[in-house]
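Novice: Chains as they are written, first to last, in this note's numbering: chain G, 1 to 151; chain F, 152 to 338.
Read the hints as simulated data drawn from the structure, not as lab findings.
In this text the structure is predicted, and so the values were computed from the model without any measurement.
One or more hints might be untrue.
Simulated crosslink set (BS3-like; lysine-lysine; CA at most 25 Å straight-line) [claimed, not checked]:
1. G/99 x G/87
2. G/84 x G/99
3. G/122 x F/238
4. G/122 x G/40
5. F/275 x G/122
6. F/227 x G/40
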Amino acid sequence: MASVALNLTALMDILSNLLFFLLASYTAQSVEVEGQSGLKLPSSTSQLTLTPQVTITVTASHIDVGGVAVANIQQGTIVEPLDKDGKVGPLFERLRSLKASREAAGRGDLADAALILVLADKGTDSQTITRVLKTAGFAGFYNVRFGVIAR
Amino acid sequence: MSGGGVETEDEGGSSGSNVFGEEVVAPVALNLTALMDILSNLLFFLLACFGTTIVMGINATVPVQSPDKSNVADTKQSVTAGVSLGKDGFDVSIVGAAQSQDELDRWRRKIPPRDGSPDYGALKAHLLLIKQTYPRSDTMILTPEPGLTYEGMVNTMDAARESEVVVSGVSRSVALFPTVVVSTVIR
């Protein structure tokens with residue numbers, strides 16, 4: 001009986017494309033969510049999807065804005081001294097400069113101009129979170145979206 | 152490219168050479184079955200992972216001093232819930248401009264921890280009662296005490312967002328206090 005030779009080239013093409021697409025998506029997500037040590041997001045029942053925003057990341061050891069470290073955390077508290085209003089100085093300066101550059105680019109009046117995304121480790125002290133939010137509010141980012149893992 | 156069987160082809164007749172007199176090279180038949188297996192496994196693994204790392208969001212606001220807008224409800228059918236999250240449980244209260252102080256005080260309740268952890272079920276039940284009495288309410292002011300975790304704040308916001316209600320035998324999801332203002336304890 002003659003053996004059947006299947007031409008798998010087209011199928012291989014499709015599979016390879018799918019594979020690269022999924023690899024790219026998987027990598028992009030893991031960088032944002034688990035790419036930093038000391039960052040495990042809490043889980044939530046929220047169904048609200050995320051859109052790209054200015055992101056404040058609060059890990060167990062530091063706070064960064066858009067990947068730039070602005071403050072350190074030791075034993076659950078922010079190392080940098082607070083100013084008289086209770087703001088975290090370096091965080092405030094960084095957020096103000098982002099706000100100013102957005103306004104200079106003509107994006108100051110957009111609906112999400114005052115919106116900021118906070119990705120914080122689930123074990124972060126609530127006082128650290130409220131201090132970050134207060135600082136963001138002073139810098140003009142008074143709408144907050146907390147990033148959480150869908151439960 | 153073909154998988155499986157080996158195929159031979161004679162392009163230049165039966166002599167074993169082509170029209171240019173070169174020796175015919177037998178076509179190479181690659182067996183792709185093993186590669187297909189690996190790719191398929193990788194594909195299903197990545198498909199499974201793709202659906203499990205979705206990041207969602209919870210909206211909240213920071214208190215902002217404004218002369219023309221207040222977070223305090225000002226109609227008979229609406230109040231603003233205040234939830235303090237502390238080590239000894241929740242302290243729930245409501246504020247409203249259109250209610251008497253006695254009426255507001257009746258809804259004040261301390262919810263102690265249950266089995267060492269915050270009683271989110273009791274909080275949800277109490278907020279549901281408030282919502283049923285003041286159906287136009289939607290704002291909660293969350294005040295976490297220092298020393299508690301961010302995860303506790305998120306769980307509290309989850310409990311206050313919506314509740315399942317059975318109406319005529321059909322379970323429905325009802326929004327409770329989805330608008331959250333995160334405040335701080337003033338000492």
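Novice: Now tell me, hint by hint, if it's right for this structure.
Specialist: These are the hints, each one checked on the structure:
1. G/99 x G/87: Holds, at about 16 Å.
2. G/84 x G/99: 22 Å, holds
3. G/122 x F/238: Status holds; Cα separation ~17 Å.
4. G/122 x G/40: 6 Å, holds
5. F/275 x G/122: 21 Å, holds
6. F/227 x G/40: Distance ~42 Å between residue 227 of chain F and residue 40 of chain G Cα, so the pair is violated.
When the structure is compared with the earlier hints, a violation turns up for hint 6 alone.
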